[in-house]
Every structure is written in C-alpha cells, then in structure tokens.
Amino acid sequence: MTNTEVFLQQLIYGLSNGMIIALVALGYTMVYGIVELINFAHGDVFTLGGFLTLTIVGVLGAAAIIEPGALGESSHWLLLLGLVIAAGVFCGGLNLAINRIVYKPLRSAPKLTQLVAAIGVSFILVNIALFWGGAPMKVFGGGNAAAASKDFPEILEGSNLLGDSSNVVLRLEDIAIFAVTIPLMIGLTLFVKKTRLGRGMRATAQNPIAAKLMGIDTDRVIAATFLIGGFLGGAASVMWSVYNNTISFQMGFRAGMDAFTAAVLGGIGSLPGAMVGGVLIGLIRAMSDQYIETRWTNVVVFGVLILILIFRPSGLLGLKQREKV
Amino acid sequence: MAAATSRFSLFSKGQLVVLGLLASTPLIDVAMPTLRLSAPMRTVVTSAIIALGLNIVVGWTGLLNLGIAAFAALGAYAFGILTCEIYPFQVGFWWGVLLAGAVGAFAGWLLGAPTLRLRGDYLAIVTLGFGEIVQDGLKNLEAITKGTQGINPLPAPSLPGIEFSSETPVRWFYAYLAILAVVVFLCRNLEFSRLGRQWFAVREDELAARCMGIQPDKAKLKAFAIGAALAAVGGALIASQLSSTGEPANYDFQMSILALCIVIVGGIGSITGVMVGAIVMVGLNNVVLPIATQSLQNAGIGSTQNVLTSPDNYKFLLFGLALVLMMRYRPDGIIHSGKAVRK
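Chains as they are written, first to last, in the working numbering: chain A, 1 to 325; chain B, 1001 to 1343.
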C-alpha cells in the first residue's frame, strides 16, 4: 500500500466510526443542552441497544430469516432498517424510563448529586448487560462466559466496492453507516428547527423558567429529549455492532467517552457541534491508530478532551456562556 | 458546634469508636477463621485512606473527582520504583510511603492547576480522563513500569525488632491501622483548620468565599493535592500488601467509583462516616460477595457457568444501586456530617 492509500483507508475508517460517535454524541449534547446533566448512563443505554440487536439477530437467525435473499433482493437492508427501529425504540424507551424514575425526582438537586446518580444508573445498566450476555442463546455463546465479548454476525456482505484489485477497502457497511446516520441527522435538525416540540426544546435550553412561563410543558420537552437522544443511541448501537462485528458489556464506557469528548469538542448543547465533533474524534482515533500507535489512542483522545476543556471549554461551535447562578 | 470544643482531643468519639472497632477485627478473625478476614482487613484500611483523600476533595471542597484511582496508581508505582530491588533507589518502606505521598501531591497539583477553574461537571470528566490516561500510560511505558506485569517484589513494613511478613497478617494490619489513625488525626486537624474552613466556604458559595478574602483557586488546589497525596499513600500501602504494584488495569474507573461509593454511602464530609463506608463497602465487596459465591458453589447451586448464580457478578448492580438510592433518599450518607447546607 502506498502512503496515500494508507491515508485514504484510515480516512474511511475514521469517517465511518466518526458518524457513529456523532449519533451517540447527539444524545449527550441534547440532554446537556436542556437539563445541564452529563447523562453518564447514555453509553450504557447504547450497550444495551447492541445486546438487543444481537438478540434479535439471534432469534431471526434461528428462524433462518437472515438467509441471503429470504425477503428478496433487499432483505439485508430491510433487516438493517428493522434493527435500527427496534433498537432505537428500545433505547429511547429505556432513556425515557431512566429520566422518569431517576433523574426527574432529582431535578432540583445539586448538579453533582444528579451526576453521581447518573453514574449509578450507568453501573446498573452495565450489570444488566453482563447478565444479558449470559442468556442461553447460541449468539451469546450458549450462556457461558457472560463477560466475554460476543461475535456479531456479518449482516451486509463484506466485498470491496472499489473492486478486488484496489488496496483501499470500502465496504457496504461504510455506505450503510452514512445511509442511516445522515437521514437521522437531517431529520433531527428539521425536527428541532421546524416543529412545535422542537421550538419548545430550543426555548427550554435557552431558559427553562421563561419557557415554562410561556406555557411550554418543560417536563414533556425534557422527556422528548431523552426519548430522541436514546433513539439515536440505539440506532448508533446497531451500526456499531454491524460495523465492528463484536459487542461486549463494557463497550458503552469507551464509546460513551468518545461521544462525550465529541460533544464537548463541538461545543456541548450544539447539534451541529456534536456531528462535527463526532467525525473529528473518529478521524483522530483512526489517524492515531495509524500514525502514533493503537495503544496510545485512548490517551490521545482523552488528552484532546482535557486540552479542549482547558483552552476552549465552549468547544468549536458552542456559544460562550457564563455559568448560570 | 460541639466538635469545636473538643478540637484539642486526638480523635472525636465517633472516630475512636470506629478505630476501636477496626482494632478488634483480628478477634473476629480468630473466632471465625472461615471468613478469612486477614486480607480484607488491610483492604478496609487502605480503602479508607484513599476515600479520606477523596473526601477532602468531594466532601469538603465540593469538587467531584472521578479519577482518584489514578493517584493511588501513581502512589503504588512511585512506591514500587523507590523500593523495589531492581531499581537503584531502595529507600525502604517508610520513606517509600512518604515519598509516594509527595509524588501524589505533585501529580494532584499538576492536574489541578490548569483544570480547577472548570465547572464542576467538566472537572469530573477531566479527572475521569486523567484516570484513563494514567492507566494507559503506566501500561505502555513498559521500560519503566514493567507494563502489565507490575513491579515486584516490594517490601513489607519494617520496624526495629518487629518482623512483618505474609505469615503475620495481624501485625501487618495493626501497622496499617496505625497509619490510618495518623491520617484520621491529620484530616481531623485539617477539618477545623483555617484551610478546612476555607474549603467549606468555597463548597457552599464560591462567590461569597471570594468576597470574604478567600482565594478559591488556591484552596481548591490544596484540597486536590492533599487528597491526591492521601490516595497515593493508600496506593503505596496496597502495593506493599500485595508485594507488587499489580497491573495498571487494577486502578481503573471501578476503583475510583468504589472510593466514591465509600464516601457517599458512609457520609460525605464526615471522617467517621467515610471509615464506616469503607467497612460497609469493602466488607460487601471483599468478604460478603466472595463468601456468598463460595458457599453457593459448595451447595451446588452456583456455578461459574451461570452468570446469575454467581454473587460476584452483582457487584456493579450493588455499586449502582448504592449511588442511585443514596442520592435519592439520603444524599448525606449513613453518618451525617451535619455541616452541609448545599442549596
């Protein structure tokens, strides 16, 4: 491989992973923008999305529906769409329930109290994922070794779209990531910009009390935010599993940290910021894997996070704002 | 306040009770050897020391530190490098512990100086990131840290005429308990010192504290450095107990959260509470869960195959529920420090 080819390959990896990180980052940034809470459990909601996806695939696989062509030419795409919707609805509902049970009663508590509770929820979800991994299903290794990472079957065929002679590999999975993430991002932007509920979100983010006085049901807006953020996380978990072909009960910690870093990099609270930040973090990871060393990549990402927080805490696209008293 | 009048006594009543309770645990070990308390007893002490360090930062100064394990790791590795026979220093146990504390304080200062002006939740994430960086850094710098093997062997405590070894766990435990008593004494004096009152003021209202002539940044930095120093001392003691620094992954986010659970469950801001928290959490984690696992296996119910029947697998759930329920129903912990206003 020539240097250019190596670089192009890392660019593809980086962009694909970056789009997934961006979807997760949107969940962090939306919640933070509205209730100023780092939803620490978001990464683990994402994990459970991955486990649900594998379970569905396992059940369908047992029924032999994912045999090539079972539903005609486009069966893989239909399956992918179904998984995205299922995991999205599941994660959205889970996020909504967490908000209702844990965060809502603590809304007026000090911020650190809420953050500690969020960390607690995260640990509970990690444990649920651990138990889920011990489910007696073939895809989970028959229930043995619950803590081990699980192989995720190849759903989209893996041949190189650029032809067998090309050194740079572009797979159907890369295309699928863009085909799923970009419409979701456009949809989200339109939703926040054009709909009544979206306007309520923007108002609540600006000033919750004023929004309430203007007749906005802020509780409903907050619930909707958790729902949508969770949905995006669920969709991201499907794409992550399909792309990386492995899931584990602790995958949400790393993915969550990457996504949170992306949200902060782009400017927390800003939707385009989270998208740009996600792609940048994906690229930084890919380039660090290639040009520094894989084992230093996490250090690089966290180093970036700390440096941004110190020198530009408002991020790339975030507005500079004073801390509210 | 009642405590202020008794400030010249060595310990408060509550602290004496808990220290006395700890001092009597070897009796439990003799009475019920099946509990196998000799190792967990020392772990209670080391965890209490780390948690007391965290308590200065979280409980007294109101800064959330999610990377306290990183300072324990730095302490353990500093102790390892300063005392292990494969390095030229070999300063011995006591100097090793003291210097590990100094290294921890320096690291705390280094991390705190640029980051302490950040908002609370951002600071929490920075400390979390720092924890991950330290873990990976220690793992990757194999030339110095021996990577995942850990540095070993490491010396046990030493006193003229008294021998400490793995054969004498009770003696070793009392040596650690004595160190804990010193740490408690230091913390107690800090709590009522000028600096301690500055910390409380900063925690309650930074702006008001500034108006009273306190420099919040300096007070916070001192809290961060002192807390890190205590965590590093705790880390050094862990390393000495294991005769190895262990692998860097031992000092992970889970360890930081265990320390946070100890502070929060026991009673945020209360020295007595933190010690009680250490007994409760370490007792659950290192005594109750392993014994439950063992006895279930002996009874033929539990197996390593089924994830649900192994109590050890409920660890995260336990930590998580502890944090969520305490935040919801009793944010001040088992033992109230009685000081926090926190509006």
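Do not rely on the hints blindly, as some may be mistaken.
[To be verified] Residues from chain B that keep clear of chain A, each with C-beta distances beyond 10 Å, as calculated: (1) 1011; (2) 1020; (3) 1038; (4) 1062; (5) 1125; (6) 1140; (7) 1190; (8) 1243; (9) 1244; (10) 1247; (11) 1306.
[As the list claims (entries may be wrong)] Just the calculated beta-carbon pair ranges, DEER-fashion: (12) B:1213 - A:196: 47 to 55 Å; (13) B:1192 - A:246: 27 to 35 Å; (14) A:138 - B:1148: 47 to 55 Å; (15) A:254 - B:1309: 26 to 34 Å; (16) B:1094 - A:254: 33 to 41 Å; (17) B:1159 - A:110: 40 to 48 Å; (18) A:100 - B:1213: 44 to 52 Å; (19) A:254 - B:1328: 42 to 50 Å.
Note that these hints are calculated values from the structure, not bench results. Keep in mind that this is a model prediction, so the values were computed, not measured. Idealized CB from N, CA, C, for every residue including glycine.
Q: Could you work out which earlier hints the structure fails to respect and list their numbers in ascending sequence?
A: Checked against the structure, the hints that fail are numbers 4, 5, 6, 11, 13, 14 and 19, while the rest are satisfied.
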